[in-house]
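As given, the protein sequences belong to chains L and E, one line each in that order. Here the numbering used here is used: position 100 in the first sequence is 120, and no number is missing along the way. Here the numbering used here is used: position 14 in the second sequence is 373, and no number is missing along the way.
I should point out that these hints are in silico values taken from the structure, not numbers from a laboratory. Be careful, since some hints might not be right.
Stated by the list, open to error - With the C-beta cut set under 7 Å, the calculated list includes, among others, these residues of chain E facing chain L:
#, residue
1, Y391
2, E401
3, G402
4, P403
5, S452
6, G454
7, L456
8, F458
9, G459
10, Q460
The beta carbon of each residue, even a glycine, is placed where N, CA and C say it ideally should be.
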Amino acid sequence: ETGVTQTPRHLVMGMTNKKSLKCEQHLGHNAMYWYKQSAKKPLELMFVYNFKEQTENNSVPSRFSPECPNSSHLFLHLHTLQPEDSALYLCASSQEQGSYGYTFGSGTRLTVV
Amino acid sequence: DQQVKQNSPSLSVQEGRISILNCDYTNSMFDYFLWYKKYPAEGPTFLISISSIKDKNEDGRFTVFLNKSAKHLSLHIVPSQPGDSAVYFCATSYGKLTFGQGTILTVHP
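Bound-form chain L, shown alone (with noise of 0.2 Å):
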């Protein structure tokens, strides 16, 4: 498979749930990074990674906490969210951090009841 692969594609869950979405590249880039998109707003940076080492966190809320195990896998573990963290999270990579070519994956769509 090519490209940027992000599993689930849909996901409910309660504010008391505990789960991780996942992100898989094999362009062989270096960098991965989580976007959030609630409707009408910006992309919003939330993490970057560059190297397996976490390079920015943009403010983001404990109650999600990125992991990645090797230049190729992203994971975002989600517990006790909320329902305004219902959006679409989506995974991009590239070369490497400060890279201008950013690859998307088709995202998770996320909703909190």
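Let chain L serve as the given structure and place chain E on it in line with the hints.
Chain E only, in chain L's frame:
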């Protein structure tokens, strides 16, 4: 403090006519600008870009114009086609990509 703004949430155009999508930015240090296109249930895909050393870049039906003094860029699509209907995001790159809110383009047959 939004550094990239797309002030038109939506645009409706007739097939065959020109679509013009606009974007304003605040940071004069931004040196590279991109447009992404997003269909429902898909991630954004890269469309066209421009470096700050240029004021125009053309790729087929798509042309991006950059006015550095006004901190403004625009995307022209001509002729517009129904398949161009999507959300268009402008983005600037200065160490990381910063996106605007997006403009929903609808091209009517």
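Hints, one by one, checked against the model:
no., hint, verdict
1, Y391, "holds (6 Å)"
2, E401, "holds (5 Å)"
3, G402, "holds (3 Å)"
4, P403, "holds (5 Å)"
5, S452, "holds (5 Å)"
6, G454, "holds (5 Å)"
7, L456, "holds (6 Å)"
8, F458, "holds (4 Å)"
9, G459, "holds (6 Å)"
10, Q460, "holds (5 Å)"
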